[in-house]
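There are 2 protein chains.
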Amino acid sequence: MRLSKEIGITVSKRDDLSEWYTQVVTKSGLADYASVKGFMVLMPYGYSIWEKIREFLDARLKATGHSNAYFPALIPETFLKKEAEHFSGFTPEVFWVTHAGNDKLGERLAVRPTSETVIYDSYAKWIRSWRDLPLLINVWNSVLRAEIKATKPFMRTSEFLWQEGHTVHADKEDTDSEVMRILELYRQLVEDQLAIPTLVGLKTEREKFVGALYTTTLEAIMPDGKALQMGTSHNLGQNFSKAFDIKYLGKDEQTHHAWNASWGVSWRLIGALVMMHGDDRGLVIPPRIAPIQAVVIPIPYKEEGANVIGQAKLTTQKLQQAGINATLDDREQYTPGWKFNEWEMKGIPLRIEIGPRDISRQQVTVVRRDTFERSTIPAATLVEEIRKVLESIQSSMFERAHRALKEAIREARTYDELKRTIDNEGGFVRACWCSDTVCEGKIKDETGATIRVVPLKDEKLFAVCVGCGKPANKVVYFARAY
Amino acid sequence: MRLSKEIGITVSKRDDLSEWYTQVVTKSGLADYASVKGFMVLMPYGYSIWEKIREFLDARLKATGHSNAYFPALIPETFLKKEAEHFSGFTPEVFWVTHAGNDKLGERLAVRPTSETVIYDSYAKWIRSWRDLPLLINVWNSVLRAEIKATKPFMRTSEFLWQEGHTVHADKEDTDSEVMRILELYRQLVEDQLAIPTLVGLKTEREKFVGALYTTTLEAIMPDGKALQMGTSHNLGQNFSKAFDIKYLGKDEQTHHAWNASWGVSWRLIGALVMMHGDDRGLVIPPRIAPIQAVVIPIPYKEEGANVIGQAKLTTQKLQQAGINATLDDREQYTPGWKFNEWEMKGIPLRIEIGPRDISRQQVTVVRRDTFERSTIPAATLVEEIRKVLESIQSSMFERAHRALKEAIREARTYDELKRTIDNEGGFVRACWCSDTVCEGKIKDETGATIRVVPLKDEKLFAVCVGCGKPANKVVYFARAY
Chain A
1 MRLSKEIGIT VSKRDDLSEW YTQVVTKSGL ADYASVKGFM VLMPYGYSIW EKIREFLDAR
61 LKATGHSNAY FPALIPETFL KKEAEHFSGF TPEVFWVTHA GNDKLGERLA VRPTSETVIY
121 DSYAKWIRSW RDLPLLINVW NSVLRAEIKA TKPFMRTSEF LWQEGHTVHA DKEDTDSEVM
181 RILELYRQLV EDQLAIPTLV GLKTEREKFV GALYTTTLEA IMPDGKALQM GTSHNLGQNF
241 SKAFDIKYLG KDEQTHHAWN ASWGVSWRLI GALVMMHGDD RGLVIPPRIA PIQAVVIPIP
301 YKEEGANVIG QAKLTTQKLQ QAGINATLDD REQYTPGWKF NEWEMKGIPL RIEIGPRDIS
361 RQQVTVVRRD TFERSTIPAA TLVEEIRKVL ESIQSSMFER AHRALKEAIR EARTYDELKR
421 TIDNEGGFVR ACWCSDTVCE GKIKDETGAT IRVVPLKDEK LFAVCVGCGK PANKVVYFAR
481 AY
Chain B
1 MRLSKEIGIT VSKRDDLSEW YTQVVTKSGL ADYASVKGFM VLMPYGYSIW EKIREFLDAR
61 LKATGHSNAY FPALIPETFL KKEAEHFSGF TPEVFWVTHA GNDKLGERLA VRPTSETVIY
121 DSYAKWIRSW RDLPLLINVW NSVLRAEIKA TKPFMRTSEF LWQEGHTVHA DKEDTDSEVM
181 RILELYRQLV EDQLAIPTLV GLKTEREKFV GALYTTTLEA IMPDGKALQM GTSHNLGQNF
241 SKAFDIKYLG KDEQTHHAWN ASWGVSWRLI GALVMMHGDD RGLVIPPRIA PIQAVVIPIP
301 YKEEGANVIG QAKLTTQKLQ QAGINATLDD REQYTPGWKF NEWEMKGIPL RIEIGPRDIS
361 RQQVTVVRRD TFERSTIPAA TLVEEIRKVL ESIQSSMFER AHRALKEAIR EARTYDELKR
421 TIDNEGGFVR ACWCSDTVCE GKIKDETGAT IRVVPLKDEK LFAVCVGCGK PANKVVYFAR
481 AY
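Protein chains in written order, with the numbering used here: chain A, 1 to 482; chain B, 1 to 482.
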């Protein structure tokens with residue numbers, strides 16, 4: 001299977017990010033365009049990265065009392081309409097089922113664009129008393145939202161894999177805690193596992209999730225200077241509980257409407273990973289999230305071939321037994337050079353070469369994917385040294401990305417400065433703002449930039465509102481975004 | 001949350017299997033009816049059993065070279081029509097998407113009833129040479145098939161969770177091996193994990209998967225004497241490869257159409273589990289597939305309460321550290337008696353009680369869910385003894401079900417005998433058959449029974465064809481089925 005093509009990436013990341021991205025995604029075997037317009041196929045290698053993301057989140061969600069469940073893929077139109085803002089937010093993108101077999105349905109069914117409504121319909125039946133709270137449920141599924149713009153794998157597709165958490169709480173305080181707990185979990189995933197630094201904070205009223213009280217977000221900056229939302233966690237207030245009649249009998253013997261939170265990350269994280277860390281040879285995967293952390297490649301020479309392959313096998317086993325995801329590439333039909341290219345394309349963090357000279361010196365040769373730095377490691381301390389190198393790759397990938405984030409944050413005190421920076425340099429523009437939604441809308445219309453993040457802690461004001469010149473009361477971060 | 005209601009099962013399994021089934025499924029917290037007609041919600045407890053099934057299969061599929069991937073949920077009508085038989089088999093059940101937002105689509109899209117067509121469309125692009133084969137991909141997703149009959153959770157719903165494996169091979173021999181390898185894996189899952197004995201074999205031409213060369217199946221018998229298909233594994237021949245143009249360059253330098261296999265099991269397995277093992281107090285889950293294998297319940301007495309709870313905690317930890325899925329129920333708002341009922345309803349294989357007397361005697365009291373047998377285990381040998389009891393529950397559950405299967409197999413030499421047995425006793429009827437599809441169809445029309453299994457190895461003939469009296473050439477198993 002052409003999981004990776006023999007031919008490498010033909011454009012440089014710097015020259016044409018968009019074309020480079022598409023080539024890396026398809027040639028490394030992450031994803032392929034589906035024949036169905038707007039859709040993509042998550043190929044085995046891409047799926048294995050999604051599984052790593054899923055395992056990380058799933059274990060931590062379970063440890064904090066969350067359970068998984070599954071809800072219907074089709075949602076009656078009346079459900080979506082119960083929360084008016086929510087419906088108007090999603091309806092232009094909904095795929096509508098109108099027939100089952102040859103029979104026209106009495107009511108149109110939406111192919112799930114998100115599950116709030118169908119889930120709350122069940123919660124209303126299940127919840128009776130404060131003893132039933134909090135109810136902490138997560139769902140791993142796919143959602144569909146018709147995309148009319150050009151398909152971009154992982155970033156803009158009419159269907160995507162994600163997780164959606166939907167929780168019910170007794171009061172605002174408990175809901176707030178959940179929202180922040182999940183935001184921190186997402187930060188750990190994105191920063192500590194995917195090595196992508198972010199700005200963390202709130203969305204404005206204008207940019208929040210449709211139907212939410214408030215939305216928190218993590219935003220990364222891509223190499224083209226555009227922001228990318230990595231995950232969101234919402235306090236939905238009592239909006240949906242009122243629409244769906246989710247009530248509980250409190251300790252005070254009174255009936256109360258419950259509070260809701262919802263939160264999600266999608267396979268878009270894989271797209272961010274590609275853009276953030278990839279280079280002209282292909283992907284670069286941070287070790288902690290890499291399905292394969294090290295590939296062992298024997299470099300056989302004539303009569304020493306069998307010995308070299310035997311040693312490569314032993315080395316692989318030793319690493320695997322120590323819990324390192326190592327794989328042996330002993331395919332005979334490919335040259336070592338061909339293998340180097342293929343594994344570089346796939347972004348395996350570490351390549352381990354074993355040739356006759358390595359054996360005679362009781363060592364292995366290792367090459368880091370992030371820096372191409374080559375060094376030798378004594379066989380006697382193999383496991384510990386490999387662990388150290390992998391941790392070093394992880395931290396230097398994060399540090400490099402973190403420098404890029406810091407460099408991408410620029411300040412603007414005037415509207416001209418804001419416009420110029422957005423147009424010429426991109427990135428995040430730190431500016432003061434008056435908190436007026438109309439002013440925010442005007443800036444968006446004129447510059448294409450939106451407020452991506454309102455920091456959780458107020459930052460010190462340094463100017464008047466960048467949009468209208470009136471007194472400002474917040475420091476915020478503007479950017480154009482994906 | 002009312003994952004389990006305070007009220008137990010109100011009908012006996014023997015008196016009203018159907019009502020009993022519905023009560024057990026909903027009251028134990030496995031599943032709930034969705035408000036969307038024909039759909040169900042897989043609740044957290046039900047999902048945790050599905051996760052166990054999934055973990056078992058997924059690990060073994062990966063160990064045998066299979067990878068997971070994800071393909072689009074919407075499939076163009078033209079794709080489905082490419083394999084004519086396949087299309088006619090599924091079209092009456094397809095949910096059709098006709099609109100995206102307010103726009104009518106140029107072509108109707110089917111909400112995935114099964115993925116052969118959309119997957120083969122990709123495979124045709126990916127496969128070039130014999131080096132790309134076999135291609136072994138599995139998908140965990142949901143499929144939708146409109147059910148007009150009354151909804152029965154896990155058994156008859158318009159959407160169900162399953163896995164669908166789709167593999168590509170160079171020739172018939174390799175395809176046959178895959179089909180049988182998967183059939184054996186399913187047998188291990190169903191018999192060794194779920195403790196449900198089956199008849200394993202082939203489907204007839206009439207009963208095989210639409211578009212397949214042949215279909216293999218595992219069939220269990222439910223307490224009402226109806227057969228239930230537990231899993232199927234198909235050799236699709238070159239039908240789909242020809243329809244979707246999946247070709248490869250062979251070692252012989254010639255172009256060949258590839259061969260395909262497909263195979264799947266669904267959440268129906270959970271329904272079978274309920275029916276097979278449940279009793280009048282609720283579920284009974286075999287230990288190997290139980291998300292919770294043992295529940296530890298402290299029985300506190302007045303001033304000794306703290307000591308009892310402390311000891312219960314220690315016991316739980318000890319079991320968990322030994323890899324046994326134990327959980328502690330130390331909720332204060334419920335009495336031990338209430339807890340016993342709840343965990344019995346949920347079918348936890350083993351209950352461990354710890355009271356003051358147990359502590360003074362350095363023992364724990366255990367109660368088996370399958371037999372309600374009560375015994376004591378010395379604290380000193382806790383882990384080994386609990387392991388033994390769990391294995392004993394697993395094997396005696398299987399043996400009991402196996403006796404029921406053997407008793408449910410009856411023989412018929414004449415058409416009258418067949419009809420009488422199907423009508424009065426149900427179960428499998430072992431009979432001889434002439435291999436004529438017309439004769440088979442007539443039997444189905446007149447008795448409601450179909451040929452569920454044709455044994456893989458010919459069994460010795462003992463009579464003429466049970467349907468037409470002509471010479472028989474096969475021994476087969478008839479039954480009415482779910």
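These are computed hints drawn from the structure, not numbers from a lab.
Virtual Cβ for every residue (Gly too), placed ideally from N, Cα, C.
Check the hints yourself; a few may be wrong.
Unchecked claim - In the DSS-like style, the derived pairs of lysine-lysine whose C-alpha atoms are separated by at most 30 Å in a straight line are:
{"id": "1", "chain 1": "A", "residue 1": "Lys125", "chain 2": "B", "residue 2": "Lys152"}
{"id": "2", "chain 1": "B", "residue 1": "Lys37", "chain 2": "B", "residue 2": "Lys208"}
{"id": "3", "chain 1": "B", "residue 1": "Lys152", "chain 2": "A", "residue 2": "Lys37"}
Claimed, not checked - Derived list of chain B stretches under chain A, where covered just means 3 residues or more per stretch with a C-beta under 8 Å from a C-beta of chain A:
{"id": "4", "segment": "64-76"}
{"id": "5", "segment": "114-123"}
{"id": "6", "segment": "215-228"}
{"id": "7", "segment": "358-371"}
Hints, one by one, checked against the model:
As the CA atoms of Lys125/A and Lys152/B are separated by approximately 19 Å, the hinted pair is consistent with the 30 Å bound. With a CA separation close to 29 Å, the supplied pair Lys37/B and Lys208/B stays within the 30 Å bound. This hinted pair does not check out: Lys152/B and Lys37/A have alpha carbons roughly 35 Å apart, beyond 30 Å. Interface restraint, the segment 64-76 of chain B with chain A: holds (10 residues with C-beta to C-beta distance below 8 Å; minimum three).
Counting residues of the segment 114-123 of chain B whose C-beta lies closer than 8 Å to any C-beta of chain A gives 3; at least three are required, and the coverage claim holds. With 0 residues bearing a CB less than 8 Å from a CB of chain A, the segment 215-228 of chain B misses the requirement of three and the coverage assertion fails. With 0 residues having a Cβ less than 8 Å from any Cβ of chain A, the segment 358-371 of chain B misses the three-residue criterion, and the hint is violated.
Hints 3, 6 and 7 from the earlier list are contradicted by this structure; the remaining hints agree with it.
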